[in-house]
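Protein chains in written order, with the working numbering: chain H, 1 to 219; chain V, 1 to 419; chain A, 1 to 444.
One or more hints might be untrue.
Which stretches of chain A does chain V cover? Using the computed rule of at least three CB atoms under 8 Å from a CB of chain V, they are [what the hints assert, rightly or not]:
(1) 140 to 153
(2) 165 to 172
(3) 288 to 300
(4) 350 to 362
Label-pair ranges, simulated between beta-carbon atoms [to be verified]:
(5) A:Arg400 - H:Phe62: 51 to 61 Å
(6) V:Arg70 - A:Gly224: 42 to 52 Å
(7) V:Asn297 - A:Arg347: 41 to 51 Å
(8) V:Gln151 - A:Lys93: 53 to 63 Å
(9) V:Gly367 - H:His215: 26 to 36 Å
(10) H:Leu148 - A:Lys31: 26 to 36 Å
(11) H:Ile75 - A:Lys93: 52 to 62 Å
(12) H:Phe33 - V:Lys182: 26 to 36 Å
(13) A:Glu86 - H:Phe62: 28 to 38 Å
(14) V:Lys225 - A:Lys93: 26 to 36 Å
(15) A:Gly224 - V:Gln336: 40 to 50 Å
(16) V:Gln248 - A:Glu86: 23 to 33 Å
Since the hints were derived computationally from the structure, they do not count as laboratory data.
Here the structure is a predicted model, which means the values were calculated and not measured.
Glycine included, C-beta positions come from ideal geometry on N, C-alpha and C.
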Amino acid sequence: MDALYRFLSGPLAWVSFVVFIAGSLYRLLSMGFLVRRKEKFIFSVMSWKYSFRSIFHWITPFASVNMRRHPVMTITTFAFHICLFLTPIFLLAHGVLWDDAFNIHLWALPNGLADIMTLVVIAGGVFFLCRRMKLAEVRYLTTLSDYLLLIMVAAPFLTGFIAYHQWIDYRFFMTLHVLTGEIMLMAIPFTRLSHMLFAPFTRAYMGSEFGSVRHARDW
Amino acid sequence: MNTEEWDWETSEKCVAFKDWHQQFEWVEEPYVSPDGEIIAAIVNVGEGEFSICANGNIQESSFEKIWRLRFTPDGRLTALASDAGEWTVTVDGAAWENRFSYVWNPLFSDDGHSIAVSFQQDGQYGMALNDVPWEQTYMNLTDAFLSADGQHTAASVQMIAAGESEIHKFQAGTISAAVNGKAWDRNFVNVWGKAVSHDGARVAAEVRLTLYDYTIAVNGVPWEKTYSSVWEPVFNPLSGKFIAPVRQDGKWMLVEEGQLLWRKPFHQLWHPQFSPDGKNLAAIVATEFGKWSVAINGQAWNIRIGELITDMVFSPDGRKVAVVVKDNERWGIAVQDSVWKNTFDMVWKPVFSPDNTHIAAKVEKDGKYTIVMDDRIWPHTCDAAWDPVFHPEGELLLFRTIEDGVYRRRVIPIRGIWG
Amino acid sequence: MDNMAAKPDETILDEGIEKGAALLTDERIEKTILRVLNTEGGARIKVYVDTCVHCGLCAEACHYYLSHDNDPRFSPAGKVRQTLGEMIARKGKVDREFMKKAAEIAATQCNLCKRCAMYCPFGIDVAYLMSVVRRITHLLGMTPQYIQATAHSHSVSMNQMWVREDEWPDTLQWQEEEARSEMPKLRIPLEKEGADIMYSVIGPEPKFQAQLLYQAAILMNAAGVNWTMPATPGWDNSDMAMFTGDSELMGRIKRQHFETAARLKVKKIVMGECGHAFRSVYDTGNRWLGWKIPPIPIVHAIEFYYDLIKEGRIKIAQKYAEPVTLHDPCNVVRGGGLHEKARYVIRAICDNLIEMHPNREHNYCCCAGGGVINCGPPYKMARINGNRVKAEQLFAVKARGARTLIAPCHNCHSGLEDINHYYGLEMNVKFIGDILYQVMEKPE
Ligand code: SF4
Ligand code: SF4
């Protein structure tokens, strides 16, 4: 187990970061080149003003009509995504790792808060799961991969939570935590989790098209 | 058009055009003969009664309707006119002998000697050249064409009746081209723009073989290669073959009977045009999306125009090309890869001097018209103007304008214009 | 009441789709799909399909979904799932039956209205994805019969309605003569080079709605506009090829339109009250040809009326008294931002404008647009059933007093007439131009 843990937290951690970063760059650049080759007109509609106008509206809770129509979803999805994003970066325990690996000193979340944020992610995951199973319009779109993705995202938080509280077999869950975290990281560029990479661009494009060509709002 | 014989001596001739408005119920927009001697307009002479007034003289015959008043290049005044439900062509006040249910789209040969129209007679369609209608008529006719020498007429014609909803019958081919009235012996899904060889023996047209396969057909025989689209063919006077822009893999290129003519493909490529001597070939191109230029013999100019390039002309010696350009909502002129400084609300087709040294064009600014030559503006603002004409020796310019309601034909020495 | 398409499961028999499908082989399907996805298509398809998280938040944007009691098959992403999503997942290995359904969904269950693009958190453009499906079905020769027939008309006559070359100037001259009984010196100037404006309309106007040409002529003459209309093909701005996926033909039609305007040396093209034509000349067709903006500026009728009224070139004799409501057409509002100008015009000519809800960019589509109404009688009920929510929206505004329904778009107009009749709304559907003609001061 120790060897495995060392491998996971050592070489594989590096690998997963490299895969994540290189994979993300690859995806973004290859799409960029594809646009250049096939859909050059897109550049002609792009505008910074309208890109940010759109992005701003969609990262502000309740700033779009559809967000107001689904308040519970809006609150959950914002909470989920914020916690999903911030917790792993600013967790005290991870701060040590940042320090060790890259010699960067990050401000750390108080442990209690991090604990709550982890729970928010897990609860959000459960909410999304229920939504997927219960709402007809979501269920209809759902494939096995959607469940797997949900599990993949929730797993590092669940295992981390269990490990942190040391309820059962700390080392096992710690190992599992590292492993699942790395899997998730590596999966981002190559699965639908890539919406994290592409969202700013799709938003910017639609925002620009609505703003500069259609002279209409897109929220 | 022998401009030498025109009056280049008299420096100014006038016609009090404005006075016509008192004489008639209303006066439509005037037209001026190429030599500038005549100004003419359709005028209303009473309820439902029209005539043509030329230099203040009203033509004897009047009609219920008259439209499309135009001078032929050799200076004859033509119009389409109707009486008692029948239509005809009038030339200098005399009507053609033939009458039709409808006539439209008059076409003139370069020398103006030939006049062709499309006609409809009792639901059948054809063309008439110099008052001689095609013997054979068709169910429908589109895209009429007259060769530059005025010898040949051609049009796309419908050969097989198909109901609007019979889509598969249509796709099997119902359309052909009729040349001088006689249809090709093959039908296509579509037949569009045409060109004719200089000897008149071959006519080429854009055709669609299926909904997806486009090519050029010559005398009814399609090229072997097909493309995802094509634009109208042009006759190459040196090789004796037809060329056309074709689209393949999302790019446009220029081919001659299926053989690639220019190595480089373009985002868009249209209006290919040979110089008068046939040695140079120019086309309006987009080098990439939204960037327009002119390519000469396959090589694009360096300038890039954002909005539109149109009205391309070669100099008489075939060494220079001028175009009308539109960039940033302003119209202008580009010659030999450089854009003139002056911009306008509208610019007409540029005119080269016979010695290739000067370029002039009619332009519009703030609702007034004037002439620009070599990027310098003639400081007169006119209520109307027509294209300037150069004296064959190139020393004099003929300006045709209306100022303060007076039509003026001015002959101006080029040197004197801008002092 | 005939109810041809009440259930989504029932496939409507359409000759275009059926006969086209009969000729298909699996190989051709696969090759065509892969060609469109990999050769023609670019990053948008890939990014949209990869980015969609299957959240279903776009569902409520779509009037088909709402009108079919939230049946997920009618949700935007649901339509992608049944069509393009599956084609991509199966790498083009889909069969004929699948393609038939896909053709029907793309051509008749989506109006390409882009409302869903405003509801998806990522701005995923399902309308675009549906037009990709239409492109595939075009290349497979399985476009619905009626709209395909219209595309054929475009290809021959360069207009939507098989209006022949002679019928066009003939009709204008006839309308000119008619209108002279009202304004004796009125003209419809044909082929007047150098006019400020070329006025362009769609095929149905000369064919069935000549009174619209009449009204436009009165308006132009009353306002003293220096205008012209071409006597040649190129006068028609409509474009069903854009909706069948026949981009090459779309390009040909648009080239002719713009080159006609350039030949006439006009500074602007003013177009009648049509939405899809606006999309075609302002956005889609010009771009296919390489023009990033229309080479000759396009002014939609709404904007044109706005300018005329604002500049005082048209005076209103007496405002229209019956309370009106406004249907915001997708193509000129979500596609052109003309909603406030439309309201300015309507307030200037009508006493009482009662808003329907939702409105402006968020208005529900008429369900006729995107070529759906052009798929003809077989799909009439699909349109009407697919837009029950529009009827509900209209009943609500009627309850608040509106009697006249203004729809400044041809497709909307016809689609709303059908909804008006079927659901028994009993509203007067009108163009802005109808009312403007009625209330304006007409000089002798
Ligand atoms: S009809 Fe409109 S809202 Fe519905 S899927 Fe199509 S574009 Fe989206
Ligand atoms: S809202 Fe957007 S991401 Fe969600 S299912 Fe619809 S298209 Fe996909």
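How the hints compare with the structure:
Interface restraint, the segment 140 to 153 of chain A with chain V: holds (7 residues with C-beta to C-beta distance below 8 Å; minimum three). Counting residues of the segment 165 to 172 of chain A whose beta carbon lies closer than 8 Å to any beta carbon of chain V gives 4, which reaches the threshold of three, so the coverage claim holds. Beta-carbon proximity to chain V at under 8 Å applies to 8 residues in the segment 288 to 300 of chain A; the threshold of 3 is reached and the given coverage holds. Coverage of a stretch by a chain is defined here by at least three residues with a beta carbon nearer than 8 Å to that chain's beta carbons; for the segment 350 to 362 of chain A and chain V the count is 0, and the condition is violated.
Between arginine 400 of chain A and phenylalanine 62 of chain H the beta carbon distance is about 27 Å. The supplied range of 51 to 61 Å is therefore violated. A C-beta distance of roughly 26 Å is found between arginine 70 of chain V and glycine 224 of chain A, which places it outside the suggested range of 42 to 52 Å. Hint check: asparagine 297 of chain V to arginine 347 of chain A, Cβ distance near 59 Å, so the stated range 41 to 51 Å is violated. About 57 Å separates the C-beta atoms of glutamine 151 of chain V and lysine 93 of chain A, a value consistent with the hinted range of 53 to 63 Å.
Checked against the given bound of 26 to 36 Å, the beta carbons of glycine 367 of chain V and histidine 215 of chain H, roughly 28 Å apart, stay inside it. Distance hint check: the CB atoms of leucine 148 of chain H and lysine 31 of chain A are about 32 Å apart, consistent with the given range 26 to 36 Å. Look at isoleucine 75 of chain H against lysine 93 of chain A: about 42 Å separates their beta carbons, and that is not inside 52 to 62 Å. Distance hint check: the CB atoms of phenylalanine 33 of chain H and lysine 182 of chain V are about 54 Å apart, inconsistent with the given range 26 to 36 Å.
At roughly 35 Å, the beta-carbon separation of glutamate 86 of chain A and phenylalanine 62 of chain H lies within the given 28 to 38 Å, and the hint holds. Between lysine 225 of chain V and lysine 93 of chain A the Cβ separation comes to about 30 Å, which falls inside the hinted range of 26 to 36 Å. For the pair glycine 224 of chain A and glutamine 336 of chain V, the supplied restraint of 40 to 50 Å holds, since their beta-carbon distance comes to about 42 Å. Restraint check, glutamine 248 of chain V to glutamate 86 of chain A: a C-beta distance of roughly 30 Å satisfies the suggested window 23 to 33 Å.
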